[in-house]
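Model the full assembly from the supplied sequences, consistent with the hints where possible.
Residue numbers (the numbering used here), protein chains in the order written: chain A, 57 to 215; chain B, 57 to 215; chain C, 57 to 215; chain D, 57 to 215; chain E, 57 to 215; chain F, 57 to 215.
Mixed in with the good hints there might be a few duds.
You can't tell identical chains apart in this list, so a pair holds if it fits in one copy or across any two.
Keeping only pairs whose Cα atoms sit at most 30 Å apart, straight-line, the calculated DSSO-like set for lysine-lysine is [claimed, not checked]: (1) Lys213 - Lys97; (2) Lys98 - Lys213; (3) Lys137 - Lys98; (4) Lys137 - Lys97.
For the record, the hints were derived by calculation from the structure and aren't laboratory data.
6 protein chains.
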Amino acid sequence: MRRAMFPGSFDPVTLGHVNLVRRLAAIFDEVIVAVSQNAAKKPRFSLQERCDLWEQALAEQGRPSNVRILSCTGLVATFAKENQVSALVKGIRNGEDLAYEQQIARVNLDLAGVETLFLPAEPSLAHVSSSVALHLYEMGAPVEGYLPAAVIAALAKAR
Amino acid sequence: MRRAMFPGSFDPVTLGHVNLVRRLAAIFDEVIVAVSQNAAKKPRFSLQERCDLWEQALAEQGRPSNVRILSCTGLVATFAKENQVSALVKGIRNGEDLAYEQQIARVNLDLAGVETLFLPAEPSLAHVSSSVALHLYEMGAPVEGYLPAAVIAALAKAR
Amino acid sequence: MRRAMFPGSFDPVTLGHVNLVRRLAAIFDEVIVAVSQNAAKKPRFSLQERCDLWEQALAEQGRPSNVRILSCTGLVATFAKENQVSALVKGIRNGEDLAYEQQIARVNLDLAGVETLFLPAEPSLAHVSSSVALHLYEMGAPVEGYLPAAVIAALAKAR
Amino acid sequence: MRRAMFPGSFDPVTLGHVNLVRRLAAIFDEVIVAVSQNAAKKPRFSLQERCDLWEQALAEQGRPSNVRILSCTGLVATFAKENQVSALVKGIRNGEDLAYEQQIARVNLDLAGVETLFLPAEPSLAHVSSSVALHLYEMGAPVEGYLPAAVIAALAKAR
Amino acid sequence: MRRAMFPGSFDPVTLGHVNLVRRLAAIFDEVIVAVSQNAAKKPRFSLQERCDLWEQALAEQGRPSNVRILSCTGLVATFAKENQVSALVKGIRNGEDLAYEQQIARVNLDLAGVETLFLPAEPSLAHVSSSVALHLYEMGAPVEGYLPAAVIAALAKAR
Amino acid sequence: MRRAMFPGSFDPVTLGHVNLVRRLAAIFDEVIVAVSQNAAKKPRFSLQERCDLWEQALAEQGRPSNVRILSCTGLVATFAKENQVSALVKGIRNGEDLAYEQQIARVNLDLAGVETLFLPAEPSLAHVSSSVALHLYEMGAPVEGYLPAAVIAALAKAR
Chain A
57 MRRAMFPGSF DPVTLGHVNL VRRLAAIFDE VIVAVSQNAA KKPRFSLQER CDLWEQALAE
117 QGRPSNVRIL SCTGLVATFA KENQVSALVK GIRNGEDLAY EQQIARVNLD LAGVETLFLP
177 AEPSLAHVSS SVALHLYEMG APVEGYLPAA VIAALAKAR
Chain B
57 MRRAMFPGSF DPVTLGHVNL VRRLAAIFDE VIVAVSQNAA KKPRFSLQER CDLWEQALAE
117 QGRPSNVRIL SCTGLVATFA KENQVSALVK GIRNGEDLAY EQQIARVNLD LAGVETLFLP
177 AEPSLAHVSS SVALHLYEMG APVEGYLPAA VIAALAKAR
Chain C
57 MRRAMFPGSF DPVTLGHVNL VRRLAAIFDE VIVAVSQNAA KKPRFSLQER CDLWEQALAE
117 QGRPSNVRIL SCTGLVATFA KENQVSALVK GIRNGEDLAY EQQIARVNLD LAGVETLFLP
177 AEPSLAHVSS SVALHLYEMG APVEGYLPAA VIAALAKAR
Chain D
57 MRRAMFPGSF DPVTLGHVNL VRRLAAIFDE VIVAVSQNAA KKPRFSLQER CDLWEQALAE
117 QGRPSNVRIL SCTGLVATFA KENQVSALVK GIRNGEDLAY EQQIARVNLD LAGVETLFLP
177 AEPSLAHVSS SVALHLYEMG APVEGYLPAA VIAALAKAR
Chain E
57 MRRAMFPGSF DPVTLGHVNL VRRLAAIFDE VIVAVSQNAA KKPRFSLQER CDLWEQALAE
117 QGRPSNVRIL SCTGLVATFA KENQVSALVK GIRNGEDLAY EQQIARVNLD LAGVETLFLP
177 AEPSLAHVSS SVALHLYEMG APVEGYLPAA VIAALAKAR
Chain F
57 MRRAMFPGSF DPVTLGHVNL VRRLAAIFDE VIVAVSQNAA KKPRFSLQER CDLWEQALAE
117 QGRPSNVRIL SCTGLVATFA KENQVSALVK GIRNGEDLAY EQQIARVNLD LAGVETLFLP
177 AEPSLAHVSS SVALHLYEMG APVEGYLPAA VIAALAKAR
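Here it is as C-alpha cells:
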C-alpha cells in the first residue's frame, strides 16, 4: 500500500490545501493529512479545531474515501515513519517555496529516512494561503474563493 | 498498484538519474523509466542504445526489481496514460528547473489528466547532468562520478 | 494619450499573448503590438504572416478598438520612441522571465529612454508559449487551448 | 485619463520610492500614492506622518504636477476601484519580490478587477528599502543615499 | 596580506558555518570571523558565549591557524574597514540567499567601500542553519549533524 | 600570495568584465584572466584576438599592475590548479546566474579541488553582456556603454 502524508499547520485549511489533497488522493492508495501543532507561533485555531475544520472541509467538498486527518504533536519526520508512509508531499508554487521546502525535505530525510515529493499548486489557486485569507477576512473582504464554508463559519463564530 | 513514470531523453543516463530512480522505486510499487525519442535535437546515442544503457546502468548499481525501462516515441502524456501511471515524476535541483518543469507538468495535465510530482535531487549529485558529463568526457576529464561504467564504456567505443 | 507597446516575435501569436493584449487594452488608451523581425533565428512564419495572424486572432476573440498591429524591422527601443509610447509592456510568468526581461528593459531604457512595465501572465495560461504550442502541434496533440483558430489553420495549410 | 496607483506602507518613504513615482508620473496621466495603514504591524510613523513625509519628499526632489498623496485605511483593491485607477503599480527588484507581488496582484484582481503592473527598480537604488534605511540610521550610519532629507529630519526629531 | 571577514550573528555557530570558514582559511591569508551583536532580535546566546562557542567549535574540528574570532558591536562595514579586510565573504545556498545578500553587500560597499564575495554552501550541509538546528533540538531530535559538540553541550546546560 | 582566476570565453570582453576584474585586482594579490577556447560554439573572435582585446581594454581603462591575461585551451579547473590559484571567481547578477555557476563550481571543485567565489555585478552594468552588446552592434545601436573602445574598433574592422 502506497501512503502519502501531507503535513502542515493548516491554520486554517484553505481551498488550496483541499485541492492538493484531493489530487493526492488520486495518486496514492491513502493520504494522511498531518495537522501539526506548530508550537513556534500562536495559532488562530487550536490543534483540535484545525483537525475538525479539515473534516468539515472535506465533507463539504466531496471527501475522497482514502483520506485520513491526524493530529501530529511531535516531529513530522517521526510521525511519518510511525505511520509507514511512502513519502511526504508538499505543495509548491514557485522557487521561493522550493528553496524552503528543499531544506525541510533534507532534514526529514536525515531524521527518519523519509522522502518528500512536491506537487505543484493548481495555478488558479496559487495565490491562496492561510495568512492572505485571514488578512482578507479581517478587512471584511469576501473569502469564499479562499476558504471552505466551514472555516468561514468558524471565523464568524470566533468574532 | 501505484506506478510512477520517470520520463527523459537520458542521452546518456547519469548517476543522478539512477539515484532518482532508485529512490522512486522505494516510494512506488512500480517505476517505468520512459526514454523519449526527443526528435528535436540530434541525440548522442540512439533511442535503443539509451534504453540499453539504462538496463546496464541498473544492472551494475543493483537493480530494484520494480523498475522497467521503456522507449517512448510519442507524447509523454499519452504514454503515461497508456501505461496507467499514477503520476509522472521529475527530478528538480533549483528554482530554474522548477519553472521549466511546472510548465511541462501543466501541459501533461491538460493533455492527458496526468499529474507530475517533483523529487529533489540528492545534493551531492545536483551538479551531475548529461551535458556536463559529456563535455567533461570530451575534454578528457574523469567522469566516474557522473556516469555509470556502461556509459563510459559506450563513449569509449564510439570514439 | 497613453500608448503602450507590446513587443515580441510572436512566431506564432498564442492565446497567452492575446490575453495580455486584451488586458493591456483596458489599462492604456492605445496598445501597439510590435511584431519584430527577430533576424537572429529562422522564424516559422514570415513577418507579414505573423502580423496577419495577430489581426485574425484579435478578430476571432473580439478585438478591442484601441489595438493596432505594426511590424518592426529595427530596434524595439527606437520603434517605441518613434511611436511616442508611454511604456513598453512585457508579460512575465516567473523569476526566470523577470531576470531576462530586466536586462532587456535596461537596454531599452538606455537606448531610447523608454520604460518597461511587466504584466503578470494569467495563471491558467502561464504554461502557454509559442514553442510549446508548436512542439505539441508537431506531435499531433490538440492545441485549441494554446493557439487561436487562425494560427491552427495556418499551421495545417503549411504542412 | 490613465491613472496609476502606487500603494505601500511607506514607513518611511525612501529615495527608491520617490524614484519609482517620478518615473510613473511620466508614464501615466496621474499617479496616486496610496499610503496604507498597514494595521498588521506597529509602524514607525503614523499614517498622517507618512503622508506628510511623502509630500515633503516630493517637494524637495522636484514634484511632478500629476502626483497625489492619499491615505488608505481599507483594502488597497477597493481603494483603487473607488479612485477609478487604470492599474496598480508595484516596484520589483528580483524574483523574490515578484513571487510575493504576483500573489498580491492576483488577490487584488479577484477582489476588485484591478490589474497590477510591475516597474523594475532603478539598479543603483535596488538596495534601498525602508527597513535597511531605518537599521542604518539606528546604527549611526549616514542615510543620505537612502532617505529624503525630510525623513532624516523627522527621524532626528523623534529621537 | 589578504584578509577575509566572515560576518554573522552565529546564534549559534553550526557545522555549516565551520565548513565555510575552514574552506575560506585555505583561500585567504587570514580569516576573521566577526560575531555581530545583532541587536534587532533577542539572541539565544550572548555575544560572548557565541564567540566562545566558535573557539570551541574550531578547536574540536581542527582549527586552521589563520582564523581569528572577533566580536563586532557596530556596523559590519565599519568593522571590516577598521580591520583592513580585502573582502567580506558570505555563504549562499540559493537564489533567495543571493537576493538578500546582494542588498547587504551593496549597503556595505556604499558605507565603507568594502566588497563582498559569496562562497557556495557545501551541498551536503545546505540544509543546516541555526534556526533549523535549534528547532530540532527543542523537539528532541538528534542534532549531531547540525551543531558542533560544544554547542550541543551549551544547549544542554542552558536547559 | 593570493591569486584569483577569472575564467570566461570573453567573446568579446565587455565593460562589465573589466569592472569585475578591476574590483578583483583590489581584493587579491594577483588576478589571472583565463580566456578559454570554448570549443563548443563558433566564437566571433579567435582565442588570440580575445586575449589581445583584453590587453587593449585594460590599457584604455587604466590597467591594474597585478592582472595577467592568459589563454586556456584545456579544462579551467586544471588550468587553475597549474597556476596555483587560491580560487576561481565568477561574476553573478541574479539567481539564474547563481544556479548555473553553482553547478560549474561544483564540477571544478571535484575535478581539481579548486574553490569558486562569486562577485556580484555592479548594478549599473548588470544588463551588459557579450551577446547583448553584439546584438546591439549588429542593429546599429551605440555600444559605448557596453564595450571597450578597442572591441568596438575590432568589430568595425571585421565588417
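The hints, checked one at a time:
1. Lys213 - Lys97: So Lys213 and Lys97 pass the 30 Å test inside a copy (22 Å) and across (25 Å) alike.
2. Lys98 - Lys213: both (19 Å within a copy, 27 Å between copies)
3. Lys137 - Lys98: Only inside one copy: Lys137 and Lys98 sit 27 Å apart there, 35 Å across copies, limit 30 Å.
4. Lys137 - Lys97: Within one copy only: 25 Å inside a chain, 35 Å across chains, cut-off 30 Å.
Comparing the model with each numbered hint stated earlier shows that all of them hold.
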